[in-house]
Amino acid sequence: MIALRFGVADLARTRFVISPLDHLLAGSARLGVHQGNGSRSERWWRDARRHVPHRAVRFLEVVNASPIGIPDFMVADLDAVRRQLTDELDALLSVPQQTVEEGVAIFGDRLGLPAALARLRDDGSRGLREVSDGAWALFQACLAPDWPDIRRALEADIAVRARTAARSGIGEMLGTLHPKAVWRDEGVLECTLGELEGSFELGGRGLELRPNYFVQRSISLLAEPDRQSLLLHPIALPAAEPAARTPAADGLAAVLGPARARVLRAIAGSACSTTELAQRLGVTPPSASAHATALRAAGLIATQREGKQVRHALTDVGHDLLLDNPPPPPQA
402 MIALRFGVAD
412 LARTRFVISP
422 LDHLLAGSAR
432 LGVHQGNGSR
442 SERWWRDARR
452 HVPHRAVRFL
462 EVVNASPIGI
472 PDFMVADLDA
482 VRRQLTDELD
492 ALLSVPQQTV
502 EEGVAIFGDR
512 LGLPAALARL
522 RDDGSRGLRE
532 VSDGAWALFQ
542 ACLAPDWPDI
552 RRALEADIAV
562 RARTAARSGI
572 GEMLGTLHPK
582 AVWRDEGVLE
592 CTLGELEGSF
602 ELGGRGLELR
612 PNYFVQRSIS
622 LLAEPDRQSL
632 LLHPIALPAA
642 EPAARTPAAD
652 GLAAVLGPAR
662 ARVLRAIAGS
672 ACSTTELAQR
682 LGVTPPSASA
692 HATALRAAGL
702 IATQREGKQV
712 RHALTDVGHD
722 LLLDNPPPPP
732 QA
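For the record, in the sequence shown the residue sitting at position 325 is 726 according to our numbering, with numbers rising by one throughout.
Hints are supplied without guarantee of correctness; some may be wrong.
Unchecked claim - Distance ranges between label pairs, derived from CB positions:
no., residue 1, residue 2, range
1, 468, 686, 46 to 52 Å
2, 491, 560, 27 to 33 Å
3, 499, 599, 21 to 27 Å
4, 686, 524, 31 to 37 Å
5, 599, 512, 26 to 32 Å
6, 507, 676, 39 to 45 Å
7, 718, 585, 39 to 45 Å
8, 573, 483, 44 to 50 Å
9, 580, 686, 56 to 62 Å
10, 402, 480, 36 to 42 Å
Said to hold, decoys possible - With a cut-off of at most 25 Å between alpha-carbon atoms, the simulated SDA-like pairs for lysine to any residue come out as follows:
no., residue 1, residue 2
11, 581, 565
12, 709, 722
13, 581, 605
14, 581, 557
15, 581, 560
By construction, these hints were calculated from the structure, which means they are not laboratory data.
Using N, Cα and C, we set each Cβ at its ideal position, and we do this for glycine too.
From just these sequences and the hints, can you work out the full model?
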């Protein structure tokens, strides 16, 4: 049992976080303590694995390299509570090499590191880029179609727990997260995590509560002295399963038109200059610039000057519009 010790500041800073990257990790981990557990994860993976793009292989290899789990640096550490996958992957790309080396070292044994983690350690920033690109490709191909439904289930769960906290206090709410998380009146949350034993002071940083659609039978804890600790827990509400995939109309194209829908999705991959955008789309720079101007006027992208170039990136509104309108699956 791990005892998480709360002070007044910790209770004040405890918050709920919705993380797309957490769901990629839990949904695609087939080994170890980080995997999603229960029928939702299994059903999603049975469908998703038929759509896994080749670019996602590096990400999946790292996630499934060891039955012990995954390196802690794979779990994004950000301030936002309603997170965008692009921001989480940017945080992954900024992980220092020393942190990568220390993070994978604990997975070594007398035979050495699992091959995928050894490659990640040795490849430096290129390795993180390949893992990040793989996560993005996996999300777009496999999780994006289900994400609006999953996010609604998470928001509903958070709303119920927030009402409990408002009515009965944060401690009472913490005690309802899972049978393996027990709140004590002295300000301690006792988390049963296999044979792990210890005590951890939250140190005034509070606790991130991360409801996860794919986690149904247990909880998972990440507690480190140099970041806000987090607790992964199931949602309490019965959640409708995302509908099986069927060919669907492109809602984004219906709103923006096919050309500008392509432009918005092209920018979603990563911020880009007008020239880079034109290359991605196979159009002339003036045409790309005209589309970017229209999307910027609608508040879907923002443009900043960098030296002699400008760079286009999604706004929160643009990102949410993409999440709610994933591209239709390719026709067979």
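Now for the hints, and whether the structure bears them out:
At about 50 Å, the beta-carbon gap between residue 468 and residue 686 stays in the expected band of 46 to 52 Å. Against the hinted window of 27 to 33 Å, the Cβ-Cβ separation of residue 491 and residue 560 comes to about 29 Å, which satisfies the hint. Between residue 499 and residue 599, the C-beta spacing of about 25 Å keeps the proposed range 21 to 27 Å intact. Evaluation of the 31 to 37 Å hint for residue 686 and residue 524 yields a pass: the beta carbon distance comes to about 34 Å.
The hinted range of 26 to 32 Å is satisfied by residue 599 and residue 512, whose Cβ atoms lie roughly 28 Å apart. At roughly 44 Å, the beta-carbon separation of residue 507 and residue 676 lies within the given 39 to 45 Å, and the hint holds. Taken as a hint, the range 39 to 45 Å holds for the pair residue 718 and residue 585, whose Cβ atoms sit roughly 43 Å apart. Here the CB-CB span from residue 573 to residue 483 is close to 24 Å, at odds with the stated 44 to 50 Å.
Our hint of 56 to 62 Å for residue 580 and residue 686 holds, since their Cβ atoms are close to 59 Å apart. The hint said 36 to 42 Å for the Cβ distance between residue 402 and residue 480, and at roughly 30 Å that hint is violated. Of the supplied pair hints, the one linking residue 581 and residue 565 holds, its CA atoms being roughly 18 Å apart against a limit of 25 Å. Restraint check for residue 709 and residue 722: the C-alpha separation of about 30 Å exceeds 25 Å, so the hint is violated.
The hinted pair formed by residue 581 and residue 605 meets the criterion: a straight-line CA distance of about 23 Å does not exceed 25 Å. Between the alpha carbons of residue 581 and residue 557 the distance comes to roughly 22 Å, so the proposed pair stays at or under 25 Å and holds. Note on residue 581 and residue 560: the hinted pairing holds, with a Cα-Cα distance of about 21 Å set against a maximum of 25 Å.
Going down the numbered hints, you'll see the structure goes against 8, 10, 12, while the others check out.
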